[in-house]
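A.B. asks: If you read the protein sequences in the order shown, they are chains A, B, C and D.
Oh and the first sequence: position 183 is 183 in our numbering, straight run, nothing missing.
Oh and the second sequence: position 161 is 161 in our numbering, straight run, nothing missing.
Oh and the third sequence: position 3 is 3 in our numbering, straight run, nothing missing.
Oh and the fourth sequence: position 200 is 200 in our numbering, straight run, nothing missing.
Worth flagging that the hints you see were computed from the coordinates, not collected in a lab.
Errors might be hidden in some of the hints.
Which copy is meant is left open, so a pair is good if it fits within one copy or across any two.
Claimed, not checked - In silico PhoX-like pairs for lysine-lysine, Cα to Cα no more than 25 angstroms straight-line:
no.: 1; residue 1: Lys-87; residue 2: Lys-131
no.: 2; residue 1: Lys-84; residue 2: Lys-107
no.: 3; residue 1: Lys-107; residue 2: Lys-22
no.: 4; residue 1: Lys-22; residue 2: Lys-45
no.: 5; residue 1: Lys-67; residue 2: Lys-158
no.: 6; residue 1: Lys-107; residue 2: Lys-87
no.: 7; residue 1: Lys-19; residue 2: Lys-131
Number of protein chains: 4
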Amino acid sequence: MVRSSRHQGFDFRFPPILKKLKRGPQVILPKDLGTIVAFSGMNKKSVVVDAGAGSGFSNVFFGSIAKKVYSFENREEFYGIAEKNIKRSGLNNIFLSNESVFEGIEKIEGEIDIINLDLPNPENIFNSKFKLSEDGYIIAYLPHMEQVALFAKIAKEKGYDCFILEAIVREIMSRERGTRPQNIGLMHTAYLVFCKTVDSLEKK
Amino acid sequence: MVRSSRHQGFDFRFPPILKKLKRGPQVILPKDLGTIVAFSGMNKKSVVVDAGAGSGFSNVFFGSIAKKVYSFENREEFYGIAEKNIKRSGLNNIFLSNESVFEGIEKIEGEIDIINLDLPNPENIFNSKFKLSEDGYIIAYLPHMEQVALFAKIAKEKGYDCFILEAIVREIMSRERGTRPQNIGLMHTAYLVFCKTVDSLEKK
Amino acid sequence: MVRSSRHQGFDFRFPPILKKLKRGPQVILPKDLGTIVAFSGMNKKSVVVDAGAGSGFSNVFFGSIAKKVYSFENREEFYGIAEKNIKRSGLNNIFLSNESVFEGIEKIEGEIDIINLDLPNPENIFNSKFKLSEDGYIIAYLPHMEQVALFAKIAKEKGYDCFILEAIVREIMSRERGTRPQNIGLMHTAYLVFCKTVDSLEKK
Amino acid sequence: MVRSSRHQGFDFRFPPILKKLKRGPQVILPKDLGTIVAFSGMNKKSVVVDAGAGSGFSNVFFGSIAKKVYSFENREEFYGIAEKNIKRSGLNNIFLSNESVFEGIEKIEGEIDIINLDLPNPENIFNSKFKLSEDGYIIAYLPHMEQVALFAKIAKEKGYDCFILEAIVREIMSRERGTRPQNIGLMHTAYLVFCKTVDSLEKK
Chain A
1 MVRSSRHQGF DFRFPPILKK LKRGPQVILP KDLGTIVAFS GMNKKSVVVD AGAGSGFSNV
61 FFGSIAKKVY SFENREEFYG IAEKNIKRSG LNNIFLSNES VFEGIEKIEG EIDIINLDLP
121 NPENIFNSKF KLSEDGYIIA YLPHMEQVAL FAKIAKEKGY DCFILEAIVR EIMSRERGTR
181 PQNIGLMHTA YLVFCKTVDS LEKK
Chain B
1 MVRSSRHQGF DFRFPPILKK LKRGPQVILP KDLGTIVAFS GMNKKSVVVD AGAGSGFSNV
61 FFGSIAKKVY SFENREEFYG IAEKNIKRSG LNNIFLSNES VFEGIEKIEG EIDIINLDLP
121 NPENIFNSKF KLSEDGYIIA YLPHMEQVAL FAKIAKEKGY DCFILEAIVR EIMSRERGTR
181 PQNIGLMHTA YLVFCKTVDS LEKK
Chain C
1 MVRSSRHQGF DFRFPPILKK LKRGPQVILP KDLGTIVAFS GMNKKSVVVD AGAGSGFSNV
61 FFGSIAKKVY SFENREEFYG IAEKNIKRSG LNNIFLSNES VFEGIEKIEG EIDIINLDLP
121 NPENIFNSKF KLSEDGYIIA YLPHMEQVAL FAKIAKEKGY DCFILEAIVR EIMSRERGTR
181 PQNIGLMHTA YLVFCKTVDS LEKK
Chain D
1 MVRSSRHQGF DFRFPPILKK LKRGPQVILP KDLGTIVAFS GMNKKSVVVD AGAGSGFSNV
61 FFGSIAKKVY SFENREEFYG IAEKNIKRSG LNNIFLSNES VFEGIEKIEG EIDIINLDLP
121 NPENIFNSKF KLSEDGYIIA YLPHMEQVAL FAKIAKEKGY DCFILEAIVR EIMSRERGTR
181 PQNIGLMHTA YLVFCKTVDS LEKK
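Only chain A is shown next, with the shape it has when bound in the complex (with noise of 0.2 angstroms):
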């Protein structure tokens, strides 16, 4: 079973696809992930990017769904553990490169359709030239408040408007003796930012 050190052992229901990846730190949970696709409408079409890699579990995830994944990782330790996991997920519609995201988007050609961005300063993004498609959604997954409130100001100058989720999964336990929520479970990872431009709003 997969787990997350971040989160102290934890049992977060990994999916099949994800079941064999090798586990690494800090990796994004099944309910962000599911948010993610749910929200963008990410689908078998979508050109995603998404950074950094990490352990490259949301690669992996995202890349059984979407047409092509292109991801970026520029820590060395995190490069090694994403490729493997990469390989061993068996699908080559990944592409990993050691640089920078906020460079690395620029060399991209044609439309991105969703950019999902797990890293320090994610509000870098919008001083990098990229082409996000109409329907298209900028994501950032971020811990604090702090981050939110900044990244969607930013967005907001740059002309997005954006709107801010935050998901709380609990299990129940349904046994003999009854049927009720787990004691204790996973509270916060992090708060997701969903940025459209404000044109692609207008056109509806």
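Mind docking chains B, C and D on chain A? Use the hints.
C.D. replies: The following block gives chains B, C and D in isolation, referenced to the frame of chain A:
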């Protein structure tokens, strides 16, 4: 903007692919669609059974991700709405039938990866014959605790092992005045029961 | 620091009056004690019945607020702990008896304002004779949903009207790095069922 | 039934003592009143400062429990509402003044056990002179995360140690059809910051 009459007009942030659809009552909302995808590991290779079709929202969402979606809806009025919404989505991998899933599923040849049930008495599925793939999941979407307890009990008797989740997604507002969760929001839709065959679990 | 063994050592921020007490198993935690007081309107004029006494934590908490607390505990080992903790609190308005609340309550003369039940089969209270004040509440602390449904059903049959609450209290951390909820926390203790006589409701 | 305009008419299950009061805007709701009482250990010996008075709801609630409540409200329109509601409650241990708490608190002789602040810039309290009892708490009721971070930071600089709580109370419905949480409910009111002097903590 698509709204669900079941939840009094709250705006549920439907993703682009669902915004095109005609609204019907009682759709599975993005927070739960995402939880289903993430915890089952649904991906572009997945063969999915999704019943009842209802307004077709979950059909279209799963159809945008999975290889094939078989859907069943034997309530006349819903069949029509679902059919139109599937057509509107432009997806051609969704196969809608107007019979009961409990009969229709027996005609599916080949393995099914995910069976998602949002209808009364989903436990009847355990009386049908079908081939679930090794890592396959049967998922029940159930508003009430008593339904959860009954479904989990019967699943266990039939050789399945289940976990049960509840997703609470809060929307956060970040404005000049400050950052905080919205005051009023969606507290509950349904519990999600995820069941695997015990055999498949023991092989791990 | 007082800790509850039921919840694996998490620090529950007991208020000063409870920090003096000797820890026992299975105490009602502050989040639920506060909910009981606030929604029942317990105050310094209140006559309270609180059973089972358990470790006496709720006895002492209610005793610090209410006029009188009658408590009942017929399990020998708990009676001793509760007695010591009540003595340790210095409060002299708590009356502890080692009989069952279902019998003991019949001996209380005068009106009772709040009956708080944290024991198996609290619905037996409806077979006992007691005088509930006009605005009085019977409250049951129940970990499982099935217990909640049974208690509410019987209460309704006996002429009571109930509402049911669940309190989730998250701890937030604010440090130099930023402000966010704690990762792991208490997801569930019990549901609280609050019942009033329908007569008292109709008089409003 | 008392309703809060701030929260769009949702029924918040006010306890008997608050049902008599005239509704005003922006009252502290029972879920938060209970959290304040339980985590501070407010009891019939407590001397409480509660400001701003607002509509007087928290004055009356605390007054029904504590020995004395000193309240301050320097907004003319609220002072009148609070005064009427205090009179209506029949309590004679609430002392309302129309000056700012930051000045008024300096005139209180003797120790204060609990200072509850629901007003802008509660951190100004740290510039006032007052005597907090050994186990005393300063509590701030703050809707926004930025306010929480600021208050906690200044409190720390002034020699206090704080913990921060957020109470989410869900209402559960149990009917013949089954038992489940209500669909729509109160997701957020405010964060509660509880601060003690570090001295008092170190003595433990």
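A.B. asks: Against this structure, judge whether each hint is valid.
C.D. replies: Results for each hint:
1. Lys-87 <-> Lys-131: For Lys-87 and Lys-131, the Cα distance exceeds 25 angstroms both inside one copy (28 angstroms) and across copies (29 angstroms).
2. Lys-84 <-> Lys-107: Classified as within: same-chain Cα gap 24 angstroms, cross-chain 40 angstroms, threshold 25 angstroms.
3. Lys-107 <-> Lys-22: Neither: 30 angstroms inside a chain and 39 angstroms across chains, both beyond 25 angstroms.
4. Lys-22 <-> Lys-45: between (28 angstroms within a copy, 22 angstroms between copies)
5. Lys-67 <-> Lys-158: neither (28 angstroms within a copy, 38 angstroms between copies)
6. Lys-107 <-> Lys-87: within (23 angstroms within a copy, 37 angstroms between copies)
7. Lys-19 <-> Lys-131: So Lys-19 and Lys-131 pass the 25 angstroms test across copies only (22 angstroms; inside, 34 angstroms).
Checked against the numbered hints listed earlier, the structure breaks hints 1, 3, 5; every other hint is satisfied.
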